[in-house]
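Make a model of the complete structure from these sequences and hints.
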Amino acid sequence: MSDKTVKLTNMSPDITKFQNDIRPKYAIANQTAKKGQILFVGSSLMEIFPIEKFQQEQDLGLDKIIYNRGVRATTTADLLEHMDTLIFDLAPSKVFINIGSNDIGFNVPENVFLANYDTILQQIKEKLPDTVVYVMAYYPINTVDDFGEKESEHNQLYEHRSNGLNAAASAKVEKLVEKNGYEFINVNAGLTDNSGNLRKELTFDGAHMLPNGYEIVLENMRRYLE
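The numbering of the sequence shown is our numbering, which starts it at 1 and goes up by one.
There may be inaccurate statements among the hints.
Stated by the list, open to error - When the alpha-carbon atoms are kept at most 27 Å apart in a straight line, the in silico BS3-like pairs for lysine-lysine are as follows:
1) LYS125 - LYS64
2) LYS175 - LYS125
3) LYS179 - LYS94
4) LYS25 - LYS64
5) LYS17 - LYS64
6) LYS175 - LYS150
Unchecked claim - Okay, the calculated beta carbon distance ranges per label pair:
7) SER152 - GLU183: 38 to 44 Å
8) GLY148 - THR16: 22 to 28 Å
9) SER152 - LYS17: 20 to 26 Å
10) PRO50 - GLU81: 24 to 30 Å
11) ASP130 - PHE54: 22 to 28 Å
12) ASP21 - GLU151: 17 to 23 Å
13) PHE204 - SER152: 17 to 23 Å
Hints listed in this document are in silico derivations from the structure and should not be mistaken for laboratory results.
Cβ atoms here follow ideal geometry from the backbone N, Cα and C, with glycine treated the same way.
This is the structure in structure tokens:
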């Protein structure tokens with residue numbers, strides 16, 4: 001995790017330790033991973049996407065392996081610091097990116113967040129010119145239902161998080177994606193209730209989805225995976 005992210009978030013040492021443990025594990029796994037496959041990369045929203053488990057248990061009709069290199073509580077700046085481990089070492093044929101929700105939630109200045117995202121895409125274009133890149137719209141969240149957290153915890157988590165902020169950020173990221181010649185995809189159909197909030201039964205805290213939520217996302221993604 002970057003020093004800037006730690007400063008912005010007062011991130012718990014346990015989370016920092018987890019990040020510092022998981023990236024070396026990814027680096028070791030990359031040594032025996034098959035190149036030219038499909039890669040999922042991003043923050044916790046990608047890390048907890050059980051796509052590797054789904055592929056093991058279901059017939060997704062793919063001739064490629066899906067690798068997940070998500071790391072919880074990370075920002076665009078963190079991804080930029082670890083592009084080799086999280087992307088380039090795998091030389092994927094396709095990359096699905098979901099990063100930036102923590103930039104929004106940690107109130108990273110918008111110009112910094114967008115500049116980082118632009119640099120991520122430019123570096124991929126330079127080092128992996130033949131790789132197909134899909135950038136994902138931010139998932140909806142649920143700030144209205146009770147998930148058992150203390151009021152102080154709820155207020156801290158959602159001080160800078162809302163569906164409106166996510167939608168606005170998605171629109172700006174979409175322009176960056178188009179500028180870099182990649183495809184922006186919205187795979188959120190079926191995730192929201194009538195009020196536009198993430199359905200309560202699909203999430204354990206309002207911001208992160210359960211496997212049943214990711215099943216819906218997977219169905220929406222299938223045509224991009226093929």
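Here is how each hint holds up against the structure:
Distance hint between LYS125 and LYS64 is fulfilled; the C-alpha atoms sit about 21 Å from each other, no more than 27 Å. Of the supplied pair hints, the one linking LYS175 and LYS125 holds, its CA atoms being roughly 16 Å apart against a limit of 27 Å. At roughly 18 Å between alpha-carbon atoms, LYS179 and LYS94 fall within 27 Å of each other, so this suggested pair holds. Distance check on the hinted pair: LYS25 and LYS64 sit about 22 Å apart at the alpha-carbon level, within 27 Å; holds.
A hinted pair counts as satisfied when its Cα atoms are at most 27 Å apart, and LYS17 with LYS64 does not qualify at roughly 32 Å. Restraint check: the Cα-Cα separation between LYS175 and LYS150 comes to about 37 Å, which exceeds 27 Å; the hinted pair is violated. Checked against the hint of 38 to 44 Å, the C-beta distance between SER152 and GLU183 comes to roughly 40 Å, which is consistent with it. Look at GLY148 against THR16: about 25 Å separates their beta carbons, and that is inside 22 to 28 Å.
The hinted window of 20 to 26 Å between SER152 and LYS17 holds, with their beta carbons roughly 24 Å apart. For PRO50 paired with GLU81, a C-beta distance near 26 Å keeps the hint of 24 to 30 Å intact. Judged by the Cβ atoms, the range 22 to 28 Å given for ASP130 and PHE54 holds: they are separated by roughly 26 Å. The given range of 17 to 23 Å is broken by ASP21 and GLU151, whose C-beta atoms sit roughly 32 Å from each other.
Under the hint 17 to 23 Å, the C-beta atoms of PHE204 and SER152, about 19 Å apart, fit the expected range.
Figure legend: structure checked against the earlier numbered hints; hints not met, in rising order: 5, 6 and 12.
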